Amino acid sequence: NAGVMQNPRHLVRRRGQEARLRCSPMKGHSHVYWYRQLPEEGLKFMVYLQKENIIDESGMPKERFSAEFPKEGPSILRIQQVVRGDSAAYFCASSPPGLAPLMGEKLFFGSGTQLSVL
Amino acid sequence: GQQLNQSPQSMFIQEGEDVSMNCTSSSIFNTWLWYKQEPGEGPVLLIALYKAGELTSNGRLTAQFGITRKDSFLNISASIPSDVGIYFCAGHLADGNNRKLIWGLGTSLAVNP
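The listed protein sequences correspond, in order, to chains U and V. Those letters in the first sequence? Residues 1 to 118, by our numbering. Those letters in the second sequence? Residues 1 to 113, by our numbering.
Hints are computed from structural coordinates only; laboratory data are not their basis. Quick caveat, the model's predicted, so the values are computed rather than measured. C-beta atoms are modelled at their ideal positions from N, C-alpha and C, and glycine is treated no differently. Since no wrong hints were added, every one of them can be taken at face value.
Footprint (simulated), chain U over chain V, 3 or more residues, beta carbon under 8 Å:
id	region
1	31-44
2	103-111
No farther apart than 27 Å at their CA atoms in a straight line, the calculated lysine-lysine pairs in the DSSO-like style are these:
id	chain 1	residue 1	chain 2	residue 2
3	V	Lys70	U	Lys44
4	V	Lys100	U	Lys106
5	V	Lys100	U	Lys62
6	V	Lys70	V	Lys51
Please construct the entire structure, taking both the sequences and the accompanying hints into account.
Listed below in structure tokens is the structure:
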């Protein structure tokens with residue numbers, strides 16, 4: 001049973017380009033969370049999605065960032081017109097359906113995508 | 001802003017020593033979670049705490065949910081080299097969004113064999 005799969009592991013972009021980060025949750029999981037981690041800092045919540053629905057995007061920057069979790073395929077975190085400040089590790093986590101997400105327990109994290117903006 | 005104070009920021013110990021780290025806040029939490037993150041990987045849940053006063057063990061790890069609901073500690077007994085990593089506390093505020101984990105800044109642990 002594969003864990004949470006994120007790709008690519010490393011992504012290099014020049015300022016102004018678009019970055020697309022992918023996350024496939026664990027089998028049977030229907031909730032996906034995206035977090036951002038800066039060096040020597042904890043994780044910052046960005047967005048929580050269920051299939052075809054954004055449930056909570058209160059941690060997402062208002063511009064240039066978007067996320068989706070389509071009915072088929074992985075969840076995508078999209079960053080348009082990247083700037084150097086977007087350089088960070090982006091982690092995806094998933095959890096099974098039911099009440100668990102409301103308690104925040106049983107989050108399983110992927111290995112992250114390290115985004116570097118030149 | 002930052003709502004969890006995690007200490008110490010880093011530790012360098014000898015193999016076999018016990019380790020203690022803690023998280024404190026001025027706010028009340030409903031849950032406390034302790035994660036370990038190794039280089040280039042995502043965090044892995046070690047222990048989850050749900051009730052004030054709860055004391056839970058996972059092998060050599062023991063964690064407690066403070067009575068005031070404003071703090072938690074994690075102890076590691078008889079450390080070994082594979083304990084190396086960054087340990088994060090995280091929790092859900094009692095008056096906050098239960099989907100949004102608040103994270104400490106981590107305690108970096110180095111173990112000298």
